[in-house]
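J.: Spelled out from the first residue to the last, the chains are:
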Amino acid sequence: MADSPSDKLAAAEFANAPILGPGYDYASVTDKISAIVLARRTPKWWIVGFLVSFALVMLLMVAVTYLLVAGVGIWGIQIPIAWGFAIINFVWWIGIGHAGTLISAILLLLRQQWRTSINRFAEAMTLFAVSCAGIFPLIHMGRPWLGYWLFPYPDTMKMWPNFRSPLVWDAFAVSTYATVSLLFWFIGLIPDLATLRDRSKNRAAKLIYGLLAMGWRGSAVHWERHETASLLLAGLATPLVLSVHTIVSFDFAFAIVPGWHATIFPPYFVAGAIYAGFAMVLTLSIPVRKLFRLEDFITMRHLDNMGKVLLATGLIVGYGYMMEAFSAFYSGNQYERFMILNRMTGPYAPMYWMLIACNIVTPQFLWFRKVRARVGALFAIAMVVNLGMWLERFVIVVTSLHRDFLPSSWGLYYPTRWDIFTFAGTIGLFLFLVFLFIRYLPLISIFEMRTLVASEEEKKAVN
Amino acid sequence: MKQQGTIYGLMAEFATPEQLLVAARHTHDAGYRRIDAFAPFPIEGLAHAVGFHRTRLPLVVLIAGIAGGCAGFYLQYYAAAVSYPVNVGGRPMNSWPAFIPVTFEMTILFAAAAAVLGMLAMNGLPTPYHPVFNVPRFALASRDRFFLCIKALDPMFDLEQTRKFLLTLNPREVTDIEP
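Which chain is which? The protein sequence lines are A and B, in order.
Residues 1220 to 1682 (the working numbering) make up the first sequence, in order.
Residues 399 to 577 (the working numbering) make up the second sequence, in order.
Just so you know, the hints here were simulated from the structure itself, not pulled from any lab data.
No residue lacks a Cβ here, since even glycine has one placed at the ideal position from N, Cα and C.
Take the hints with a grain of salt, since some may be wrong.
Estimated spans, in silico, between C-beta atoms of each pair [unchecked claim]: (1) A:Ala1576 / B:His446: 31 to 41 Å; (2) B:Tyr527 / A:Ala1599: 46 to 56 Å; (3) A:Phe1624 / B:Asn492: 49 to 59 Å; (4) B:Asp427 / A:Ile1535: 51 to 61 Å.
Derived coverage of chain B by chain A (criterion: at least 3 residues anywhere in the stretch with Cβ under 8 Å from a Cβ of chain A; other residues may be distant) [stated by the list, open to error]: (5) 471-483; (6) 524-530.
Using 20 Å as the maximum straight-line C-alpha spacing, the simulated DMTMM-like pairs for lysine to aspartate or glutamate come out as follows [unchecked claim]: (7) A:Lys1251 / A:Asp1515; (8) A:Lys1678 / A:Asp1515; (9) A:Lys1678 / B:Asp552; (10) A:Lys1678 / B:Glu416; (11) A:Lys1679 / B:Glu442; (12) B:Lys562 / B:Asp427; (13) A:Lys1251 / A:Asp1523; (14) A:Lys1679 / A:Asp1515; (15) A:Lys1679 / B:Glu416; (16) A:Lys1589 / A:Asp1523; (17) A:Lys1251 / B:Asp542; (18) A:Lys1420 / A:Glu1676; (19) A:Lys1589 / A:Glu1514; (20) A:Lys1679 / B:Asp542; (21) B:Lys549 / B:Asp427; (22) A:Lys1251 / A:Glu1676; (23) B:Lys549 / B:Glu571; (24) B:Lys562 / B:Asp574; (25) B:Lys562 / B:Asp542; (26) A:Lys1679 / A:Asp1244; (27) A:Lys1420 / B:Asp542.
The task is simple: from the sequences and hints, build the whole structure.
T.: Listed below in structure tokens is the structure:
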């Protein structure tokens, strides 16, 4: 776009840049990744980060306990804004999870080899994000101890959940998503757990990895079934991802509130989820690749590709915003028109314009190859997008609820410290799980990296 | 000198996937049928070379998916039209369009569970013990070495003949597998 001819040439080279550093064979790829897990000494930065995230988990425990004891009044929710941080955070976390499944499943189906070094990590991120998300539907209920009523079980009152409600669909969708992601992640881990079992010297580690690896021995027939299962799971996970965030968008779209009742919501939410998720993958993988010296595995081409996906989904999200504004005016409906004017000029206008700056303006920098080649710039843009996507959910939830049809019901939403503590606590939980994962499990799929080495050798042999 | 009945089989070690693939094909061509090959990553054509043809896993997954879909839909239909119908403005009890999301999720759930549990069950996992782990260098099968095994159960198996045959395939070494 604004690239000079030399940039264009560099971009062309970059597009064919290797996705694996030079000089690796099956043994060195295995050793490099398993060394992170089997190292006897834990890096200092890991201990510091782990303790900080653990402290935040403790904050989460306190916040949730106080909530269960005192009730949802400790939060800022009121009439008319009866849904606040809880639903915003729920949608934010679920959205983040979707990039992991996209990288694992959809890129597998599209045979994109560059997914290899990031897919294990991204899928783990999905699991942890979904765990954080799943807390909110439960705790935001007025009576969380009755949360099990969302699931169909034969009871003495002969009552069933309302299967026509998106909230019940949510319960099924998110449970299915968590289960399928866990299964997919786990079967991918089995051969790597076998590697760790065989390589570890510590008796306890050998036993634990051995139990989890279930006796995997790398038999050709087992690999055949494993590959078939992985492809089938990828094929199942792809529509699942699309359906889960669609159902989450239905939580809003099935209501009649202006700003919610829009048919663009399903694709807009799904694109937003992928957008937010890739931003989180970048946010996490950039420090991790630096700290564990994995630049040969998570190369600049990976970061470049992720930047491009971020740009593409950012454009779709930008289109969504423009269509929302356009169809609000085009509809001629006074409530819809007021809603969009209120977003732009009302009490929450600063949030709306910050949202536009974060989500529409900032990703435009990714058109320039120079920006995508700069790790620091990518990290900064990813953080901005993380914030922007949170703001988007805030704007959707709060601005539509605080002024809807009846002016006498209008109000303002003020989050309380408990809203913020709970949110910070879930960020802590997420990081806590990420830290545990990167220390005790192979964060890059070892057997898939070996397959990559094999295909690179094949390419060399052909040439 | 061990008697034939007291070992599980013979294991040959190779350094590259190509060598293993060629060796497996030769072994199958020579008439051996109870063979297995081990590698640290999936190798195309290897399962076929040891005589394995089609996995039934896709069929299992399909059946499970259909079962899940039917179960999901029937659950909702039963709840909404049979067990506790609620008349909301005269709308149909069997509101099947509203039942689609849950039906879809149940299909995916059952199919995915069948894919994983089916794969594990068909592979016989978890396997707490297997004789191949008695071969000292077998730990490298999960790192960078490739192994071929001919089981003593094979009708053509003869300790000395089979060992001689394996040595013609140019392995790094041939080991007895303790049972």
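J.: Each hint: holds or not?
T.: Checked hints:
| no. | hint | in the structure |
| --- | --- | --- |
| 1 | A:Ala1576 / B:His446: 31 to 41 Å | violated (57 Å) |
| 2 | B:Tyr527 / A:Ala1599: 46 to 56 Å | holds (53 Å) |
| 3 | A:Phe1624 / B:Asn492: 49 to 59 Å | violated (33 Å) |
| 4 | B:Asp427 / A:Ile1535: 51 to 61 Å | holds (55 Å) |
| 5 | 471-483 | holds (count 6) |
| 6 | 524-530 | holds (count 6) |
| 7 | A:Lys1251 / A:Asp1515 | holds (10 Å) |
| 8 | A:Lys1678 / A:Asp1515 | holds (19 Å) |
| 9 | A:Lys1678 / B:Asp552 | violated (37 Å) |
| 10 | A:Lys1678 / B:Glu416 | holds (14 Å) |
| 11 | A:Lys1679 / B:Glu442 | holds (18 Å) |
| 12 | B:Lys562 / B:Asp427 | holds (16 Å) |
| 13 | A:Lys1251 / A:Asp1523 | violated (23 Å) |
| 14 | A:Lys1679 / A:Asp1515 | holds (18 Å) |
| 15 | A:Lys1679 / B:Glu416 | holds (14 Å) |
| 16 | A:Lys1589 / A:Asp1523 | holds (10 Å) |
| 17 | A:Lys1251 / B:Asp542 | holds (13 Å) |
| 18 | A:Lys1420 / A:Glu1676 | violated (31 Å) |
| 19 | A:Lys1589 / A:Glu1514 | holds (18 Å) |
| 20 | A:Lys1679 / B:Asp542 | holds (19 Å) |
| 21 | B:Lys549 / B:Asp427 | holds (16 Å) |
| 22 | A:Lys1251 / A:Glu1676 | holds (19 Å) |
| 23 | B:Lys549 / B:Glu571 | holds (16 Å) |
| 24 | B:Lys562 / B:Asp574 | holds (13 Å) |
| 25 | B:Lys562 / B:Asp542 | violated (25 Å) |
| 26 | A:Lys1679 / A:Asp1244 | holds (13 Å) |
| 27 | A:Lys1420 / B:Asp542 | holds (18 Å) |
In terms of the numbered hints stated before, the structure departs from hints 1, 3, 9, 13, 18 and 25, listed from lowest to highest.
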